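Given chain V, work out where chain S should sit, using these hints.
Protein chains in written order, with full-length UniProt numbering: chain V, 1 to 417; chain S, 1 to 417.
These aren't lab readings, by the way, just hints derived from the structure by calculation.
Keep in mind that the hints are not guaranteed to be accurate.
Label pairs and their in silico Cβ distance ranges [unchecked claim]: (1) V/Glu-170 / S/Lys-343: 24 to 30 Å; (2) S/Pro-247 / V/Gly-352: 39 to 45 Å; (3) S/Gln-385 / V/Gly-275: 42 to 48 Å; (4) S/Ala-351 / V/Gly-352: 21 to 27 Å; (5) V/Thr-200 / S/Gln-385: 51 to 57 Å; (6) V/Gln-191 / S/Asn-414: 40 to 46 Å; (7) V/Gln-191 / S/Ser-316: 35 to 41 Å; (8) V/Glu-312 / S/Gln-98: 39 to 45 Å; (9) V/Ala-351 / S/Gln-385: 49 to 55 Å; (10) S/Gly-102 / V/Ala-351: 39 to 45 Å; (11) V/Pro-119 / S/Gly-384: 54 to 60 Å; (12) V/Gly-352 / S/Gly-260: 32 to 38 Å; (13) V/His-401 / S/Gln-120: 29 to 35 Å; (14) V/His-401 / S/Ile-417: 50 to 56 Å.
Just so we're clear, the structure is a prediction, and the values are computed from it rather than from any experiment.
Virtual Cβ for every residue (Gly too), placed ideally from N, Cα, C.
The residues making up each chain are set out below.
Number of protein chains: 2
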Amino acid sequence: MTSTMQKQNLQTLKGFRDFLPPEKRARDLVMAKIKTTFERFGFEPLETPTLEYAELLLGKYGAEADKLVYSFEDRGGRQVALRYDQTVPTARVLSQYQNELGKGFRRYQIQPVFRAEKPQKGRYRELIQCDADIFGSTASIADAEILAVYYFIYRDLGLTDLVIEFNDREILISNLMPYATQDLTVFSIIQSIDKLDKQTVEEVATELVAKGLSAINANKALTSIQQVNPSPNLVNILNVAQELGIPQENLKFNPTLARGLDYYTGMIFEGKIPGESGSVGGGGRYDKLIESLGGPNIPAVGFGLGFDRTVEVLESRNLISVITLTQVLVTIFSPDLQGESLKVAQSLRSAGINTELYPDPSDKLDKQFKYADKKSIPYAIVIGQDEVDKNVVTLKNLVTHEQTTLLISEAISNLKI
Amino acid sequence: MTSTMQKQNLQTLKGFRDFLPPEKRARDLVMAKIKTTFERFGFEPLETPTLEYAELLLGKYGAEADKLVYSFEDRGGRQVALRYDQTVPTARVLSQYQNELGKGFRRYQIQPVFRAEKPQKGRYRELIQCDADIFGSTASIADAEILAVYYFIYRDLGLTDLVIEFNDREILISNLMPYATQDLTVFSIIQSIDKLDKQTVEEVATELVAKGLSAINANKALTSIQQVNPSPNLVNILNVAQELGIPQENLKFNPTLARGLDYYTGMIFEGKIPGESGSVGGGGRYDKLIESLGGPNIPAVGFGLGFDRTVEVLESRNLISVITLTQVLVTIFSPDLQGESLKVAQSLRSAGINTELYPDPSDKLDKQFKYADKKSIPYAIVIGQDEVDKNVVTLKNLVTHEQTTLLISEAISNLKI
Numbered sequence: 001m002t003s004t005m006q007k008q009n010l011q012t013l014k015g016f017r018d019f020l021p022p023e024k025r026a027r028d029l030v031m032a033k034i035k036t037t038f039e040r041f042g043f044e045p046l047e048t049p050t051l052e053y054a055e056l057l058l059g060k061y062g063a064e065a066d067k068l069v070y071s072f073e074d075r076g077g078r079q080v081a082l083r084y085d086q087t088v089p090t091a092r093v094l095s096q097y098q099n100e101l102g103k104g105f106r107r108y109q110i111q112p113v114f115r116a117e118k119p120q121k122g123r124y125r126e127l128i129q130c131d132a133d134i135f136g137s138t139a140s141i142a143d144a145e146i147l148a149v150y151y152f153i154y155r156d157l158g159l160t161d162l163v164i165e166f167n168d169r170e171i172l173i174s175n176l177m178p179y180a181t182q183d184l185t186v187f188s189i190i191q192s193i194d195k196l197d198k199q200t201v202e203e204v205a206t207e208l209v210a211k212g213l214s215a216i217n218a219n220k221a222l223t224s225i226q227q228v229n230p231s232p233n234l235v236n237i238l239n240v241a242q243e244l245g246i247p248q249e250n251l252k253f254n255p256t257l258a259r260g261l262d263y264y265t266g267m268i269f270e271g272k273i274p275g276e277s278g279s280v281g282g283g284g285r286y287d288k289l290i291e292s293l294g295g296p297n298i299p300a301v302g303f304g305l306g307f308d309r310t311v312e313v314l315e316s317r318n319l320i321s322v323i324t325l326t327q328v329l330v331t332i333f334s335p336d337l338q339g340e341s342l343k344v345a346q347s348l349r350s351a352g353i354n355t356e357l358y359p360d361p362s363d364k365l366d367k368q369f370k371y372a373d374k375k376s377i378p379y380a381i382v383i384g385q386d387e388v389d390k391n392v393v394t395l396k397n398l399v400t401h402e403q404t405t406l407l408i409s410e411a412i413s414n415l416k417i
Numbered sequence: 001m002t003s004t005m006q007k008q009n010l011q012t013l014k015g016f017r018d019f020l021p022p023e024k025r026a027r028d029l030v031m032a033k034i035k036t037t038f039e040r041f042g043f044e045p046l047e048t049p050t051l052e053y054a055e056l057l058l059g060k061y062g063a064e065a066d067k068l069v070y071s072f073e074d075r076g077g078r079q080v081a082l083r084y085d086q087t088v089p090t091a092r093v094l095s096q097y098q099n100e101l102g103k104g105f106r107r108y109q110i111q112p113v114f115r116a117e118k119p120q121k122g123r124y125r126e127l128i129q130c131d132a133d134i135f136g137s138t139a140s141i142a143d144a145e146i147l148a149v150y151y152f153i154y155r156d157l158g159l160t161d162l163v164i165e166f167n168d169r170e171i172l173i174s175n176l177m178p179y180a181t182q183d184l185t186v187f188s189i190i191q192s193i194d195k196l197d198k199q200t201v202e203e204v205a206t207e208l209v210a211k212g213l214s215a216i217n218a219n220k221a222l223t224s225i226q227q228v229n230p231s232p233n234l235v236n237i238l239n240v241a242q243e244l245g246i247p248q249e250n251l252k253f254n255p256t257l258a259r260g261l262d263y264y265t266g267m268i269f270e271g272k273i274p275g276e277s278g279s280v281g282g283g284g285r286y287d288k289l290i291e292s293l294g295g296p297n298i299p300a301v302g303f304g305l306g307f308d309r310t311v312e313v314l315e316s317r318n319l320i321s322v323i324t325l326t327q328v329l330v331t332i333f334s335p336d337l338q339g340e341s342l343k344v345a346q347s348l349r350s351a352g353i354n355t356e357l358y359p360d361p362s363d364k365l366d367k368q369f370k371y372a373d374k375k376s377i378p379y380a381i382v383i384g385q386d387e388v389d390k391n392v393v394t395l396k397n398l399v400t401h402e403q404t405t406l407l408i409s410e411a412i413s414n415l416k417i
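For reference, chain V alone in the conformation it holds in the complex (with noise of 0.2 Å):
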């Protein structure tokens, strides 16, 4: 570190995080797979620019998030903002290229997204969205294709024991209006209600009271809200979600689950992992957003998925496997046996082996091994003048420390797990 270099200069932005390679294989790991299941479900993916009018995003959230939205006048003096989420950004390319895009657009989308948050354990100012939505259709097979897509991506990550607790929106609307009063709407009811998940009935109760109810009326709307069955509606989601293969155990109906209040028309869930605190995200059908954002009038369903919570989780299961990248480091045994490794790299390399060569051809074997070692390679290849006499290579696990002398082919098939 020289003398011209400021602490603050050494530093990451609070709430900002730099992923080293160990991290980001993780990472990447897991948004592949991810990927691979949304476009095994038709999703394809969008992208949208870190960078917007603010006036696009700003207004969309309610007035609280609208302080958490990064924006700024830049030099030709256009006010602009970053990434809030990906949902405004996409009700502008509904509008945009309607006539493209067509009926029954499902995508997905993966990007950074940033909030001026006060950061916390787990909460970032910039963080990876995940999200896939069916836009255009109404029908209940769409819900279920999100169910079913988002099923899949957990049982494909290794979490099969998701579960999806669900519940439709009229539900806790039809079942809770007749406890509305002029004074007391029907959305606060329902934010009462969302609470038992943390709360017992008890202290639920005792708040609707506070807010105004009498305490029969409490009890009425909590034993009725909580016995109530699934919505025909809903009926006919599971039956299809079912069928596209989502085991019944994984499934959840929770008839006090709310899920905000703000802009979902029907079916609507969230995805928890049993031991684990909290959701890894959710969603629901919402009809009526994409048009209040400024889109088109275009019904849609969908989700976003907690791409950080849900590498957690994973991570603390020990679900993502230690990956090495690199397969094997070809060692340089001595300077003038340099070009023997040349070749043998080049080899590996073409038989589609992730290779490290070590640059350094003076230095000793030993410091070699250990490099690969701290680089958690698990094999290197010696070639000394014997291996090359023999026209062999001797491979070396560097994790048992048992070598072997064998023809280059069969080093590479040894490789080639």
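Then chain S, alone, in the frame of chain V:
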């Protein structure tokens, strides 16, 4: 489009782009191939944040470039800036995590960078940079590895005719130094010489005379630099590069290649595609840059690849095969047969086939075929009562309009090309 929408809302900012599925698919495909080649050469992924302290970035790229950095004050009063390149943040990373990264860190980085430049054809304000560097080695193998991974990226993308023009900064300096005077630096002479790829010898000679050289010296300088041979350093690197698999015909010594003057210290190179103007990126050795940026004193060699330019060339040569992510649309014959379609969609997906399920069971079959056509989905599957009775499906090729009736297992093998 609703009346609440402002015209401006519907636009991306100039110099910023949406990538709709066809373009995004092509870009993702190219990116995945580049990633694969990087990893085959032992390079590992690194990611740094989009936002940094402005102080880290400003003053690093020169006064002109500083004006192109998107910087602003965030809500916490911090001066922040959008990533302008990947080298300065990496210099920070090299300082901050010296112990973790160690010697021989070879990383690739593929991220957007932001430049408040005047947008014009092929020049964007948000663009993908794609860098790879080896840190901590001065050995010629490191230089050759950089040339090799660069060559193989293009070869694997199908651009087998890529020509790597190379030179050594030492050649330029030692050969032109004799013509430098107190009023005319060797760098100024090099700057003129660098124009030989676009200007005639006469034009460059005229420029050198205008800069103060005598006509005799200008011609001598031009003749001498054009006739010079590769330095021993360069010969070494080239031998290694060829042993690593770069064919000789893809390498071209160009003693007048200068590639900017600011920070290269040894081998320099540029990739050119025959028949295309300009370069598709390049790089070289820069042993002092990381320290001058405030990082540790660490030698480095690497390159930046022109991602947008490369995608353009691939598209113009039809080298990105029109990939359809979604292989088949499962149609719904009639609402009462919906369940059969669901089952088939589930089987296809289980077999790893990218399958879209048509969402609206009441739409006519013809409409469903048109939908698949519009999305360029090449196949459709039909399951009518006949098919159900015989436990088969009809597979329709939407390009040739051929259709065959076969077992679902046979349909799967047909689709699994």
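How the hints compare with the structure:
no., hint, verdict
1, V/Glu-170 / S/Lys-343: 24 to 30 Å, "holds, 29 Å"
2, S/Pro-247 / V/Gly-352: 39 to 45 Å, "violated, 19 Å"
3, S/Gln-385 / V/Gly-275: 42 to 48 Å, "holds, 47 Å"
4, S/Ala-351 / V/Gly-352: 21 to 27 Å, "holds, 25 Å"
5, V/Thr-200 / S/Gln-385: 51 to 57 Å, "holds, 54 Å"
6, V/Gln-191 / S/Asn-414: 40 to 46 Å, "violated, 53 Å"
7, V/Gln-191 / S/Ser-316: 35 to 41 Å, "violated, 56 Å"
8, V/Glu-312 / S/Gln-98: 39 to 45 Å, "violated, 27 Å"
9, V/Ala-351 / S/Gln-385: 49 to 55 Å, "holds, 52 Å"
10, S/Gly-102 / V/Ala-351: 39 to 45 Å, "violated, 28 Å"
11, V/Pro-119 / S/Gly-384: 54 to 60 Å, "holds, 57 Å"
12, V/Gly-352 / S/Gly-260: 32 to 38 Å, "holds, 35 Å"
13, V/His-401 / S/Gln-120: 29 to 35 Å, "violated, 59 Å"
14, V/His-401 / S/Ile-417: 50 to 56 Å, "violated, 44 Å"
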